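**Q** Given chain A, put chain B in place with the hints provided.
Protein chains: 2
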Amino acid sequence: MPNNQLTIANDIESLQQALLLLAQAGKTVALVPTMGALHAGHAALIAQGRELADVVVVSIFVNPTQFGEGEDFDKYPRTLTADVQAAQAAGAELIYAPSVNDMYPDGFATTVSAGEMGKILCGKFRQGHFDGVATVVIKLLLRVMPHFAIFGLKDYQQFCIINRVVEDLDIPVEIVGAEIVREADGLALSSRNRYLSEDERKTAPMLYQTIANVAKAIPKTGTEAAINQGISALTTAGFKVDYMEIFEEHLLVAAWLGSTRLIDNVEIGE
Amino acid sequence: MPNNQLTIANDIESLQQALLLLAQAGKTVALVPTMGALHAGHAALIAQGRELADVVVVSIFVNPTQFGEGEDFDKYPRTLTADVQAAQAAGAELIYAPSVNDMYPDGFATTVSAGEMGKILCGKFRQGHFDGVATVVIKLLLRVMPHFAIFGLKDYQQFCIINRVVEDLDIPVEIVGAEIVREADGLALSSRNRYLSEDERKTAPMLYQTIANVAKAIPKTGTEAAINQGISALTTAGFKVDYMEIFEEHLLVAAWLGSTRLIDNVEIGE
Numbered sequence: 052m053p054n055n056q057l058t059i060a061n062d063i064e065s066l067q068q069a070l071l072l073l074a075q076a077g078k079t080v081a082l083v084p085t086m087g088a089l090h091a092g093h094a095a096l097i098a099q100g101r102e103l104a105d106v107v108v109v110s111i112f113v114n115p116t117q118f119g120e121g122e123d124f125d126k127y128p129r130t131l132t133a134d135v136q137a138a139q140a141a142g143a144e145l146i147y148a149p150s151v152n153d154m155y156p157d158g159f160a161t162t163v164s165a166g167e168m169g170k171i172l173c174g175k176f177r178q179g180h181f182d183g184v185a186t187v188v189i190k191l192l193l194r195v196m197p198h199f200a201i202f203g204l205k206d207y208q209q210f211c212i213i214n215r216v217v218e219d220l221d222i223p224v225e226i227v228g229a230e231i232v233r234e235a236d237g238l239a240l241s242s243r244n245r246y247l248s249e250d251e252r253k254t255a256p257m258l259y260q261t262i263a264n265v266a267k268a269i270p271k272t273g274t275e276a277a278i279n280q281g282i283s284a285l286t287t288a289g290f291k292v293d294y295m296e297i298f299e300e301h302l303l304v305a306a307w308l309g310s311t312r313l314i315d316n317v318e319i320g321e
Numbered sequence: 052m053p054n055n056q057l058t059i060a061n062d063i064e065s066l067q068q069a070l071l072l073l074a075q076a077g078k079t080v081a082l083v084p085t086m087g088a089l090h091a092g093h094a095a096l097i098a099q100g101r102e103l104a105d106v107v108v109v110s111i112f113v114n115p116t117q118f119g120e121g122e123d124f125d126k127y128p129r130t131l132t133a134d135v136q137a138a139q140a141a142g143a144e145l146i147y148a149p150s151v152n153d154m155y156p157d158g159f160a161t162t163v164s165a166g167e168m169g170k171i172l173c174g175k176f177r178q179g180h181f182d183g184v185a186t187v188v189i190k191l192l193l194r195v196m197p198h199f200a201i202f203g204l205k206d207y208q209q210f211c212i213i214n215r216v217v218e219d220l221d222i223p224v225e226i227v228g229a230e231i232v233r234e235a236d237g238l239a240l241s242s243r244n245r246y247l248s249e250d251e252r253k254t255a256p257m258l259y260q261t262i263a264n265v266a267k268a269i270p271k272t273g274t275e276a277a278i279n280q281g282i283s284a285l286t287t288a289g290f291k292v293d294y295m296e297i298f299e300e301h302l303l304v305a306a307w308l309g310s311t312r313l314i315d316n317v318e319i320g321e
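Chains A and B, in that order, are what the protein sequence lines are.
With the numbering used here applied, the first sequence closes on residue 321, and no number is skipped along the way.
With the numbering used here applied, the second sequence closes on residue 321, and no number is skipped along the way.
Mixed in with the good hints, there may be bad ones.
[As the list claims (entries may be wrong)] Calculated pairs, DSS-like style, for lysine-lysine (alpha carbon to alpha carbon, straight line, at most 27 Å):
#, chain 1, residue 1, chain 2, residue 2
1, A, K170, B, K170
2, B, K78, A, K78
3, A, K175, B, K170
[As the list claims (entries may be wrong)] Here are the in silico distance ranges between beta carbons for each label pair:
#, chain 1, residue 1, chain 2, residue 2, range
4, A, A160, B, E102, 29 to 35 Å
5, B, A263, A, L72, 50 to 56 Å
6, A, I297, B, N61, 36 to 42 Å
Simulated from the structure, these hints should not be mistaken for laboratory data.
Since this is a predicted model, take the numbers as computed values, not measurements.
No residue lacks a Cβ here, since even glycine has one placed at the ideal position from N, Cα and C.
If we strip away everything but chain A, and leave its shape as in the complex, we get (with noise of 0.2 Å):
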């Protein structure tokens, strides 16, 4: 049993209530946020604030603004309890999950935009997703206002921008960026990996597998020789891919299994 006391923040008046008690306790605060559906890749982003920081906070938000038209949106899971039992498990004692309204009153017009970093790669197939990404972020850490701030590296563009735009305001918080939590065949943790059907799932480690065969390829082929080629080995396995691409020393995919879109990335060269 965890012994961490919980506390749950449905809006910023209660958030505010509970991180005043923080600082007036002198506690350094980690925030991992997350849009639930925790699985063990957030429980790692928890526990990595723990060591950081003294107090972990979760947030709980599925941003609508960061999901286009005919995206997921509607049927991303939502499973909130079971996901405050799994932060609670993990170390974390305060969860902010608001409302949409208590993030977006009626009014809301502001836009974070991280420019042409929002535009390459996954923007230009999920047009907007990154200012609605960057937006939120900065509205949790103004709202939040950690130490810390916690992000897993599978979802690198996202990582970079928000390293970005949280440099570019001065926000005065440390973002860290976890490593990525794999299946024991290399899937890398995801939400969206249960939309996936038996078949894909079986069908949905090759994604790594490949990424990580071209990265290894490229100083021997050249980088476009050994690129094509990982398009090519996952279009025959059934993949769509959007891109692969190299970006900020790393080499990124984005590729469909069936109506589902999966996500990663590696490091390339030593």
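**A** Chain B only, in chain A's frame:
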């Protein structure tokens, strides 16, 4: 002689050092963001700051990102020595006059936007202007973290946009609007008034007189007729009117006299 001590910070490090001393002394802070070329309107903002807070911080930064191509960024008046004296005389204790590189280091990419509200009125004629304004104001607020920030109501659309983004991003500051300061003949004080030729200066007060008349005429003749008559009067007098429109219970106008663009507004209704 003013007896307030004056500190001048030219970069974020010296700014934060000065702010730390103020925080340690338990002082409340009011920020007056300016582009320099200080006039009696700015002095009134600083005086208002003194009433609200222990210490007034004046930022002086001609922000390149709020000027469009072909606008007056290069010729915008830069009078730092006189500005420092004027700010001190008005009661400021800390001046933050950063370089462009201090505000926007290499790689800077972030934009804060108020959406549609920044695309109408002046935003239609000055594309990207209000994104530049919103971004630099958010940056200044997050760097200074003042208790109050004071803006002149002459830039009424700007004032509304700043309120919007500050509220939307949950920045913990009270935004204060300061009444327009006018010359004896009614011309609203503006750093750009110094661009006016002697003849243009004589014509310029018509801008205020006209919108004051239009505001009075609206209940009698209706909005459209009153505004059309106002635009026509200004055009006859030699103005080139960008727009005259009602926005948030104010009648706003922007018009050119020669190569100088002037704006003004009056509250409408009783």
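**Q** All the hints need checking, so say for each whether the structure fits it.
**A** Here is what the structure says about each hint:
no. : hint                        : in the structure
1   : A/K170 / B/K170             : 21 Å, holds
2   : B/K78 / A/K78               : 24 Å, holds
3   : A/K175 / B/K170             : 24 Å, holds
4   : A/A160 / B/E102: 29 to 35 Å : 31 Å, holds
5   : B/A263 / A/L72: 50 to 56 Å  : 53 Å, holds
6   : A/I297 / B/N61: 36 to 42 Å  : 39 Å, holds
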